[in-house]
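Peer 1: Residue-level listing of the chains:
2 protein chains.
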Amino acid sequence: MNTLSSKILQNAVNEISRLPGIGKRTALRLALSILKYSNDEMDDFVKAFVSLKNDIYFCKLCHNISDTEICPICQDSRRDKSIVCVVQDIRDIIAIENTRQYRGVYHVLGGIISPMDGVGPDDLNFKSLFERIQNMDIQEVVLALPTTIEGDTTNYYIYKNMESSNVHVSIIARGIAVGDELEYADEVTLGRSLINRVDFEQLSVK
Amino acid sequence: MNTLSSKILQNAVNEISRLPGIGKRTALRLALSILKYSNDEMDDFVKAFVSLKNDIYFCKLCHNISDTEICPICQDSRRDKSIVCVVQDIRDIIAIENTRQYRGVYHVLGGIISPMDGVGPDDLNFKSLFERIQNMDIQEVVLALPTTIEGDTTNYYIYKNMESSNVHVSIIARGIAVGDELEYADEVTLGRSLINRVDFEQLSVK
Numbered sequence: 001m002n003t004l005s006s007k008i009l010q011n012a013v014n015e016i017s018r019l020p021g022i023g024k025r026t027a028l029r030l031a032l033s034i035l036k037y038s039n040d041e042m043d044d045f046v047k048a049f050v051s052l053k054n055d056i057y058f059c060k061l062c063h064n065i066s067d068t069e070i071c072p073i074c075q076d077s078r079r080d081k082s083i084v085c086v087v088q089d090i091r092d093i094i095a096i097e098n099t100r101q102y103r104g105v106y107h108v109l110g111g112i113i114s115p116m117d118g119v120g121p122d123d124l125n126f127k128s129l130f131e132r133i134q135n136m137d138i139q140e141v142v143l144a145l146p147t148t149i150e151g152d153t154t155n156y157y158i159y160k161n162m163e164s165s166n167v168h169v170s171i172i173a174r175g176i177a178v179g180d181e182l183e184y185a186d187e188v189t190l191g192r193s194l195i196n197r198v199d200f201e202q203l204s205v206k
Numbered sequence: 001m002n003t004l005s006s007k008i009l010q011n012a013v014n015e016i017s018r019l020p021g022i023g024k025r026t027a028l029r030l031a032l033s034i035l036k037y038s039n040d041e042m043d044d045f046v047k048a049f050v051s052l053k054n055d056i057y058f059c060k061l062c063h064n065i066s067d068t069e070i071c072p073i074c075q076d077s078r079r080d081k082s083i084v085c086v087v088q089d090i091r092d093i094i095a096i097e098n099t100r101q102y103r104g105v106y107h108v109l110g111g112i113i114s115p116m117d118g119v120g121p122d123d124l125n126f127k128s129l130f131e132r133i134q135n136m137d138i139q140e141v142v143l144a145l146p147t148t149i150e151g152d153t154t155n156y157y158i159y160k161n162m163e164s165s166n167v168h169v170s171i172i173a174r175g176i177a178v179g180d181e182l183e184y185a186d187e188v189t190l191g192r193s194l195i196n197r198v199d200f201e202q203l204s205v206k
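Protein sequences appear in the order of chains A and B. Counting along the first sequence from 1, when you hit position 16 you're at 16 in the numbering used here, and nothing is skipped either side. Counting along the second sequence from 1, when you hit position 35 you're at 35 in the numbering used here, and nothing is skipped either side.
Any copy, or any two copies together, can satisfy a pair, since identical chains are not distinguished.
Heads up, simulated DMTMM-like pairs for lysine to aspartate or glutamate below, C-alpha to C-alpha not over 20 Å straight-line:
id, residue 1, residue 2
1, K7, D55
2, K36, D67
3, K53, D43
4, K47, D67
5, K36, D122
6, K36, D123
7, K127, E140
8, K81, D137
9, K53, D67
10, K81, E69
11, K7, E41
By construction, these hints were calculated from the structure, which means they are not laboratory data.
Turn these sequences into a full structure, and let the hints guide you.
Peer 2: As structure tokens, then:
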């Protein structure tokens with residue numbers, strides 16, 4: 001990879017390979033593909049990125065990505081504003097929206113507490129979350145963070161900071177994935193799914 | 001994936017997912033990562049692509065990518081101009097250069113003959129290849145195309161069009177990859193490696 005005959009190409013490859021999960025080889029493939037773009041195609045391609053930088057908002061309420069100051073979900077009068085689902089990332093909103101099982105609103109933390117990566121509470125959108133809980137009529141906070149130690153730490157941090165409020169805190173169910181065989185589930189998941197077993201009568205989807 | 005809360009983000013995702021081998025999910029991950037760029041980073045990123053479109057040359061001799069009208073390889077006085085290695089793509093030049101086993105020059109076809117994909121001889125850089133063979137002092141043409149039916153067709157097309165010339169045509173060796181176990185090689189490759197067995201005395205790398 002040290003023998004590219006063009007510094008311009010090399011520069012483009014370097015820029016592309018800075019992106020997460022893109023290696024030098026893939027970056028070269030992509031650069032050569034972009035090289036074949038017509039002037040119009042290149043124009044559209046470049047404009048898409050410039051617009052991403054200049055024209056996008058982060059929702060003032062939930063920090064979701066948006067073309068307007070308040071995102072479409074927070075603006076939607078049919079959504080239940082009394083339930084706030086706390087997620088790590090904008091991608092989690094998309095994943096939850098795709099299930100069509102949730103009609104509340106969201107709060108994007110922008111990460112989770114991870115001392116190993118130098119991410120503390122001050123680096124995340126907690127202040128605006130607790131302000132929402134204090135000032136707005138919220139009944140329930142649903143924690144939908146990753147099922148990792150960092151996720152658990154963050155869940156606990158939120159729970160502790162909400163103790164004084166009268167807001168109900170819930171957490172998404174952990175257990176055996178739908179369609180999975182029990183024998184292939186890891187022990188921790190299977191163990192938790194037994195401890196947190198649900199009364200069959202209360203099961204909402206039978 | 002039909003629920004992105006921002007049309008601008010959606011547009012960027014669409015542009016990125018037009019690239020080969022990039023799905024919608026990866027495109028979203030990349031777009032969200034680009035979104036975090038500083039103004040300077042975004043400037044460098046966009047400039048790299050604009051420069052790719054505006055400032056790059058394809059070498060007048062071999063069609064390799066270059067920052068100058070004639071590429072560094074064709075300009076290099078230490079390279080043997082009497083040997084031309086025919087490759088499908090610029091990436092193949094990089095792969096061969098990385099071996100440090102070849103000191104001749106190249107000719108990039110820009111593809112191979114593939115009627116199924118609508119690629120005929122007129123779509124590829126054959127004219128300039130045969131002109132080079134006719135007008136310049138070339139002793140040997142090394143065919144280094146993919147070992148597929150399309151590659152074989154293209155090899156044969158070149159060979160047929162060169163019959164009237166006195167230029168020697170060679171083809172890169174096909175056989176068991178270095179370090180591979182025989183039992184895992186496919187039958188065609190193993191069969192060919194037996195048919196095309198080389199006299200041990202003539203083996204250049206023992």
